[in-house]
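Asker: The chain contents come next:
There are 2 protein chains.
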Amino acid sequence: MIGAIGRFAGALTILACAAYARPAQAEDGYDLWLRYRPLPQLQRKAATVSAITVLRESPTLRVAAEELERGFSGLSGHEVGRQDTIPADSVVLAIARTPEVAALALPVAALNEEGYLVRPVTLGGRRVTLVTGKTDRGVLYGAFALLRWAQTGHAVRTATFSSSPATKLRLLDHWDNLDGTVERGYAGQSLWDWWTLPDFRDPRYTDYARANASIGINGTVLNNVNAKADSLTAPYIAKAAALADVFRPYGIKVYLSARFSAPIELGGLKTADPLDPQVAAWWRAKADELYRAIPDFGGFLVKANSEGQPGPQDYKRSHADGANMLAAALAPHGGVVMWRAFVYAQENAEDRAKQAYDDFKPLDGKFAPNVIVQVKNGAIDFQPREPFHPLFGAMPRTPLMLEFQITKEYLGQATHLAYLGPQFEETLRSDTLADGPGSTVARVVAGTGDALTGMAGVANIGRSRDWSGSTFNQSNWYAFGRFAWDPQASSADVAREWAAMTFGPDPAIVAPITKMMAGSREAVVDYMTPLGLAHLMATAHHYGPGPWISDLKRPEWNPYYYHRADKDGIGVERGPGGTNATSQYAPALARSLADPATTPDATLLWFHRVPWTYRLKSGKPLWQAMVADYDRGVAYVDDMRRTWASVRPAIDGERFAKTAAFLDIQQREALWWRDASLAYWMSVNGLPLPPGAAPPAHDLAWYKAQSFPYAPGNP
Amino acid sequence: MIGAIGRFAGALTILACAAYARPAQAEDGYDLWLRYRPLPQLQRKAATVSAITVLRESPTLRVAAEELERGFSGLSGHEVGRQDTIPADSVVLAIARTPEVAALALPVAALNEEGYLVRPVTLGGRRVTLVTGKTDRGVLYGAFALLRWAQTGHAVRTATFSSSPATKLRLLDHWDNLDGTVERGYAGQSLWDWWTLPDFRDPRYTDYARANASIGINGTVLNNVNAKADSLTAPYIAKAAALADVFRPYGIKVYLSARFSAPIELGGLKTADPLDPQVAAWWRAKADELYRAIPDFGGFLVKANSEGQPGPQDYKRSHADGANMLAAALAPHGGVVMWRAFVYAQENAEDRAKQAYDDFKPLDGKFAPNVIVQVKNGAIDFQPREPFHPLFGAMPRTPLMLEFQITKEYLGQATHLAYLGPQFEETLRSDTLADGPGSTVARVVAGTGDALTGMAGVANIGRSRDWSGSTFNQSNWYAFGRFAWDPQASSADVAREWAAMTFGPDPAIVAPITKMMAGSREAVVDYMTPLGLAHLMATAHHYGPGPWISDLKRPEWNPYYYHRADKDGIGVERGPGGTNATSQYAPALARSLADPATTPDATLLWFHRVPWTYRLKSGKPLWQAMVADYDRGVAYVDDMRRTWASVRPAIDGERFAKTAAFLDIQQREALWWRDASLAYWMSVNGLPLPPGAAPPAHDLAWYKAQSFPYAPGNP
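First to last, the sequence lines map onto chains P and Y. Everything in the first sequence is counted per this note's numbering, starting at 1 for the first residue and increasing by one. Everything in the second sequence is counted per this note's numbering, starting at 1 for the first residue and increasing by one.
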C-alpha cells in the first residue's frame, strides 16, 4: 500500500511541479546541458542510483558528489543523497590511490593526470559504479562523464569507459572589459561583475565553473586581450582571486590578459622594453603579488604588436624576447605565457594572411618552455571558413595553442543558428603534411612529450539568462570543450550528446535537431562567404554584408582587400604568381594549393583569383556556382525553420519561441546577405543572374544605405 | 481514503519541489514581490479559493485571471484553475457594467476609470469574492490588490476594499540607451534588447508588465531623456510597437523620449524651431506614423535646453512654445507631452537651484492642456535629501508631474540599502503653503478637475536577474508605484506590504526587515550629506565622496559649489542675504526659510551658510552635530548588518548572501564617506574632532587619490 501511495504521490509530484513551476524559470536555458530533467520512463529507471559515496573527500570530490546528487536526483525523479557507507547500486568517487580502489588493480596507469576511469566494481561486497582517476580533477571529469552517459539515455550500471584529455590547457578566453562590456560579445554584459567583486560572489560564477568542468575546460582568461593595465592592480587582483576561489574546486585556473606596457602605466617606468632589467623586475614583482593572492594563478595571455597593442617590437625586440621575459617572471610559480600569433601591422604591405607566419616562423625554438604560441584556426580572423593556419606544422620546436572563436563575430552573432562543431572538426582534421600524411592539425595541437599543449576558445558567454544569447550558441561552448579534450572528436557525436542533454534523449527530438545543426555552419558560409571568400562583413561591427567597402584607410580594413572583384574575376591570388602565401604550407600541400585546379572549390577564392566563368570541379561556372551557393544557404535556413516547427510539441514554450524568433531573423538576414552580395557582384561583373535565380529585393544603393549604429559587441 | 492519499501526496509534492528545485533558480529575486510561495499553514487555508471565473473576457481580464491562477495556486499550494461556471469560494472578475454585477448595485460610482472594488458577494446563489471596476484595467488592479491582501496574510473571504488612483499618469522613466547601456543604471544592461526586437519578445517583458501592473504603473518611457533621434525612426518604432503589444493587456502605455532636434537629424530640415511650419508638420507626420504603429501610444517626454540637449531656446522660443508644438502633433491622437523643468544653463550665473523656477514660473498657464510639466522632487538633482521643489504650488494653472529617481544615483547606487519610501513621503507631505496650510506637494500632484496629473520615477530596472541590482532596491520600485497611486500613502505601510510579499508574511521576519528599511535612507543622508548638504559626490559617476573637488570648468559641476566650506563656515546662503532662492517658496514658507533659526536642521546648510560653531535647534554646535550625524549613519549600517544576520534562518540562502555581501560593502563605504568627508572638513575648518570621535583611517591625500574609472551607470 505504501508502494502504491508512493507511486501515486510520485506522479502527482511531477504534475504539481510542472503546474506550479513558472514557465519563465522552468526552461529559460539557464541550465545549459546540465539540465537534469526526469528522463523518459524507460531510461529513468536505468539512471536510478541508490546514493553517492566519496572516499577521502576533498573540495573537488565534494563538488563532484554534489553534482551527482543533483544530476541523478533530477534524471531519476528520486532524491539521491550522500552516504558514508557504500550501498549497492551507489556511485563511488575516489582517487585511484585510495587503498580500497588501489586494491582493485584497475588499469589507471594509462590515464594522465586529468583522465578518468568509470566502471562497475565490487566494493565492500556490493556492486557499485566507481568513478576514479589519478587526481580528484580526474574524478570530477569522470563524474560529469557518468552524468553525460545517463543524460544521453544509457544505463548507469553499464558505464564502462575511460578517457584522458589530449591537451593540457583547455581555456576560454573572455574578451571582457573592466567596464562590463564584452568585445564581440552578443550575450549581454560580462559575466564578471567587477564592481561588486570581491565581496559578492554571484552564484552564476559557480554555475559557470560547473558547466566548464563538465566539458573539461580547466582555465579561463578573465579579461580582454585588448587589455587595460588596471586588471593588474591590487583591487582587480583581489577580484580575480575571489573568482579563482570559486573556480578552484572545479579544476579551473584563472589567467589574465596582460598589457605589455603595464610597467609604464602602473609602475611609472619609462620603458616596457623586455630586455630592460627594471622592466623584468617589475613583472617579477607583479607575478609574486599575483601568486600571493592566487596561489594557482595560471599565467598571462598577451596580444602584442597587433592592432595597436603595445609589444616588444616597440623596442625593436622580438616576440620571443617579450614572451620569455614574462615567462621568466611566472616560471618560479609554475605559470605560463600564452603569446598570440595574431599579428599584422599597419606598416606591413605584405598580404595580411602571411604576416603571422613571417613574424613567428623564424622564432621557432626560441621560446621558453613555459611559453605557448596561440594561433588562430586560420590566417585572417575567424571567418566562416578559412583554410588552416600555415603556422600549424611549421613550428615543430614551439608549442602551439589553437585558438577558435566560439562567439560568432563573423557568423551571424547572437541570432544566426550556426553549430561550429564542423568548423572545429574541419580545422583539426586538416592535414598539414608537415611530417608526412596524417600530420593533422589535431596532432600538432596534441603535441609530443612534455611540451605544453592547449586549445583556447573565445568565449560566447555573458550575463544573458541563457549564457550564450541563444540555446544553440550553447552548443558551441559545449563543442569547444569536447574538442579541446579530444581533438579527434566527431562533430556529429558531439551534437548528438549536446542535443540529448539539452532537449532530452528522445531520438525523435535528437535526430531532427542534429540534422539542423549539421549543415548550419556551411549554410552561413554559403549565404555570407561562399567558395573561399572572406571578411565581406560591414565595417567595425561585422554585422551584415559590406563587400562594396573599399574606402577605409588601411587596405586590410576593406572587404575589397579580401575579394578584389572586378569585371574580369574575383579572389585573391595567393599562389606563386600572387602573394605566394601558399608557400607557407608544407611543400606537398603548397604544390597542390599553388594551382587552382588542385585547390578545393571550398577555398578557391581564398587562394586564387579566377575569372567569373572559371569552371569549378563541380563542372559549374564560378558565377553560377556562387549564386547556387547563396541560394542553398538561404534554403537551408528555410529548412531549419521547418524542422524547428516540427519539433515544437517536444520543446518547452520559452526555448522554442526564442529559437523560432531567431530563425525568423536568420531567414530574413540570410536573404539580405544573398541579395546584397549578388547586387554588388552584378554591379561589378555585369553578368545576368542564372535562369531561375530570384533578383535581389532592392537595388545596390539600398543595401549600401543600411546602417546599424547600435550593433552589439563593437568595441 | 482518497482524501488521505491526497493530503499525503500534497505534502510530498511540496517536499519534492523543494528538493529538486535548483537553489539558484528557486530564490534569485526574479519573482520580485509577486513571489507566491506557499503561505504559512495558518494563512494558507485562508488564501484557498476554488477557482477563477471571468465574466465577459477581454485581454486584460484574461491576464488578470492568469495572475490569480498563478498567485493563488502558489500561495495555497493547491492548483487553482479557471472555470466558466461560478463555484462557491471562487474569485469572479468582471467589469461593473456586466449585467450580473450591475444587478448587485455596488457603490462603483465613486471609482474613477482605473479604480477597483473588491468584496464578498453572492452570484448565482454562491458566495464568491468579486473583483470589479469601471474598466478592465480597474479589475486588473483589483486582482493584484486581492493578491496583495492574501500575500500579506489576510483571508480572501474578508476582502472588502476599494481604491482609485489619485494620479492619471503613473510612469517609469527608463534612461536606457539604444546601445543597451543605462544612464545611471546599476542593474545591468537595458531590459530592452533593441537588437532582437521586434522579432523576439523576451518573456521578461511580460513579467515587467505584470510587476508594474501590480503596483498600478500605467506607462513607461522606453528611452533615455538624453535621447537619440534614432528612436523615432521606423525600425525603432517597430521595436517600441512590439513592446507596446506586450504591455497593452496590462494597461501600460509606451512613451518615448523625443529629441527636439529630430526634424534636423531625421527630417533633413535646417531648423527645429517650434514655430517653423515645416517643423510642426514634420512632428505631425511623425506622430501619425507612431500612432499607426502604436494606436495607444502615450506621448513624448522631453528634456530640452538642459545639460546640452537641444530645445526651443536655441531659436529664442520658450519652453511653452516647444511643448505646445509637440502637443499639437499628439493631440488628435490623445497623446501627451511631459516637458521636463530640470533645466540649468551654462551661461546662467544664477544659483542653479533657482533656474528651473525662473524659467518656468512665468510660463504658468501658457501650456496646452495635453502638456504636463515634469518637476524633480527637489531643485538640484535627486540628492539624498532636498527640500521640495519651489515650483510645486507655484504654477496653479499648469499640471505638474512629480519626478522621483528610483535608481539611487546619489544614494549608494546598487550596493547600499536605502529604502526610498521615507524620501517619497517626505516630499509628498511637504506643505507648500501655497494655498494655505495643508497645500502639500501630494495635493498639488493630485491636481484638480480634469487636468493631467502624474508621477514619474526614473527606473532602477535592468537585465540583472533580480531586476534592480539588489533585493532591497526592488522595494523602491514597489514604493514608487504605491505612492504614485496614492500620494498620501505611508512609507511604513508600504514597507510592511513589500516585506511580507517579498519574504513572507511572518511578523518575525517582517518586523526586523521593515525596521532596517525605515531609517536606511536617513542613514545615507547622515553618512553622505548631513544637515542639508548636497552633491558632494565625486565627479561624473557620482560614486563615493569628493567634497574637495573645485577645479571643474562649470561652477555647478563642483561639490564646492554646493557647500562653500571655509574656515569661517559652511553652507550655501539662499536666504534674502544670499541667492534669495527662499523667495521662490510661498510667502509664509519663504519667511521661515529666510532665517536659519526657523529653518529645519535637516536642510539648514541647503538654505544657509553658518559658522562651524553655529548652535542647532538640538543645542549642539554644528561641527559636533555633523560628526555625530556621520557616526550615526555608519552605526545604522552596522545595525542593519546585525539585523540581517538575525533573520538568516528565515531567508533563502541566495537572497540572504547577496544582501549580506552588499551590507558589507555599504558598511565599508559608509565609513569611507564619513572618514573622507571629515578629513576634508578638518582640512578646511582646522577644528579637532569632538572627544570620542574616531579619526579618519587615512589622510586626505589618500581619499583624494581614490579613482574608479569603471564605475557603472556613467554616461
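Be aware that one or more of the hints could be misleading.
Identical copies look the same in the list; a pair holds intra-copy or inter-copy alike.
[Unchecked claim] Derived SDA-like pairs (lysine to any residue); straight-line CA-CA distance at most 25 angstroms: (1) 45 to 293; (2) 704 to 267; (3) 270 to 430; (4) 316 to 183; (5) 228 to 508; (6) 316 to 48; (7) 704 to 590; (8) 567 to 685; (9) 704 to 198; (10) 617 to 628; (11) 228 to 183.
Keep in mind that the hints were calculated from the coordinates and are not lab data.
Asker: Looking at the structure, which of the earlier hints fail to hold?
Answerer: 1, 3, 4, 5, 6 and 7
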